[in-house]
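Engineer: Letter by letter, the chains look like this.
There are 2 protein chains.
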Amino acid sequence: MKISITEVAPRDGLQGMSNPVSTADKITLARRAAAAGIRRIEATSFVSPRAMPQMADAEDVLAGLASLDNVTLEALVPNIRGAERAALTPVNDWVCFISATESHSQANTNCSVDEALTRIEPVIELARNHARTPVAAIAVAFGCPFEGVTPLEQTMKLVKSLSAMGIQRIKFGDTIGTATPRQVKRLAQALNAQNPEIDPVLHLHNTRGLSLASVLAGLQSGITSFESSIGGIGGCPFAPGASGNVATEDLVHFLHAEGHETGIDLSQVIETGKWLEERLGCSLPARLLRVGPIGTVTPLNNAKRARG
Amino acid sequence: MKISITEVAPRDGLQGMSNPVSTADKITLARRAAAAGIRRIEATSFVSPRAMPQMADAEDVLAGLASLDNVTLEALVPNIRGAERAALTPVNDWVCFISATESHSQANTNCSVDEALTRIEPVIELARNHARTPVAAIAVAFGCPFEGVTPLEQTMKLVKSLSAMGIQRIKFGDTIGTATPRQVKRLAQALNAQNPEIDPVLHLHNTRGLSLASVLAGLQSGITSFESSIGGIGGCPFAPGASGNVATEDLVHFLHAEGHETGIDLSQVIETGKWLEERLGCSLPARLLRVGPIGTVTPLNNAKRARG
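From first to last, the protein sequence lines stand for chains F and L. Following UniProt numbering, the numbering of the first sequence begins with 1 at its first residue and continues without gaps. Following UniProt numbering, the numbering of the second sequence begins with 1 at its first residue and continues without gaps.
Some clues are possibly wrong.
[Claimed, not checked] Just so you have them, the derived chain F footprint on chain L, three or more residues with Cβ under 8 Å: (1) 120-131; (2) 154-166; (3) 180-190; (4) 205-216.
[What the hints assert, rightly or not] Facing chain F, according to a computed beta carbon distance under 8 Å, are these residues of chain L, among others: (5) Glu84; (6) Leu88; (7) Val113; (8) Gly148; (9) Val149; (10) Pro151; (11) Arg287; (12) Val291; (13) Ile294; (14) Thr298.
[To be verified] A partial selection of chain L residues facing chain F, derived with a Cβ cut-off under 7 Å: (15) Ala24; (16) Ile27; (17) Asp250.
Keep in mind that the hints were calculated from the coordinates and are not lab data. Glycine included, every Cβ here is placed at the ideal spot set by N, Cα and C.
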């Protein structure tokens, strides 16, 4: 099965960094991801530079990536002001965020879910006017820090609203790393039954170690698009035990081990993860940055006795 | 589905510790596991105390656990000398190790796989004479550090030999953390088709982050017995990126989230993991030691803005 991976490190991974990453490094990161064979990159965010100075260089990052062939660039476009900026850049996919719960919507965007839907209408319209593709991302689609497990019906209600607005591609965000294989399977079944027109993308965090099990359940349910970040950055990798997105290194390794095609060169992804560790000056959570892929062989004469 | 978990921290987890753990702490660890509802504990090893001083107190550990009700105690019994010691203790399940590859067998026990099979024959006989249960553990059942991926046929050949020797319970050891969901599924299918008399136990390491995906594949294939260690100790948890057994905290959390019964109180397992961190003086890899279980709710007024 051919799997599509969106690299989200330049946006979801870097947006929370306390030390800003240079524009040049962001461009290098995205270019290395593209060189490794990744065909979709969430490159930046048109959020207000006052709210998130880490993303203030959105235009410059996109300008630095404009020459990439065969890569779809995505950017977060939270509101009409962001949309007006995005329209002046070549970014094709405009990602609008919506929370699946009222509490998260209030905490994140100071408005209700219905108000948030109303707020993205003009963004979608402007995207269409500029021949761009509006995309939706549902935050806390599986679980919410304030409300617990998100009921499937609540997420599906939002899917229907977004579909009615003409959205075809929806990212399902496992914002706090609570998605389970069972939830992923039930979501896929509901989408197949009720909204087969939607192209779903799974955006998983590995906070509780479940992400690859949920990827497996997604694959078994026919989902073929996933998001991940090089190094596993995102969330808050510097706090003890916190965890970012599922790492691109680990996801690609897993997919290949399971016999799926990604078109991605794992060794180049790993080299990029190591490069990113150097630039950020810290270890990152991706496991394949620490150990060789399955099938790595040690010469027997170098062996230490290994029991168990 | 009711799942059986064997706690292996007292043996597989602690055997590699450079600082020895006191006998009293080992007994406390196993007793806390039992109090949390774990019904099988791999308590110690009758390996030569010269080869592995960490396990020299095998008799004392078992004496300290003799009063536990409704718990099956297991111990590694590598050879006839170990068997003679085990016979003087109350331990019921005697675990014999066999490597699935010639290179690992040579590195680990200085003999061929056939010689290793011959060597465990008298152990099995002595176990029977003392009304104990001989159990086999196949090391490198999925992958070998010296030979790469272990062919399924090679593992199944060993299953047949062990079955012919009267073994019913076999632990399949993912010694270097390379087992994939696909391998687990194929193994389960082969066992069902060729050796349905065997009761399989999956012993997974989380080195490449795949362990819970492989557990999921095992569950889907009818496997209901798994091994794990509190804290995720084992392997070499102190080396960067190394990883021990799948953590009992994370496995139990995952199984409950997927709707399976274990009879285990997750909060007591987590408390035991925290206690173990204190005793060992370091952080352990279990993710549930760092974050709350799925469904944990933060009051909205404590919320920080969380994006993505």
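Engineer: If a hint holds in the structure, say so; if it doesn't, say that too.
Structural biologist: Hints versus structure:
no., hint, result
1, 120-131, "violated (count 0)"
2, 154-166, "violated (count 0)"
3, 180-190, "holds (count 3)"
4, 205-216, "holds (count 10)"
5, Glu84, "violated (21 Å)"
6, Leu88, "violated (23 Å)"
7, Val113, "violated (15 Å)"
8, Gly148, "holds (5 Å)"
9, Val149, "holds (5 Å)"
10, Pro151, "violated (12 Å)"
11, Arg287, "holds (5 Å)"
12, Val291, "holds (6 Å)"
13, Ile294, "holds (4 Å)"
14, Thr298, "holds (5 Å)"
15, Ala24, "violated (23 Å)"
16, Ile27, "violated (21 Å)"
17, Asp250, "holds (5 Å)"
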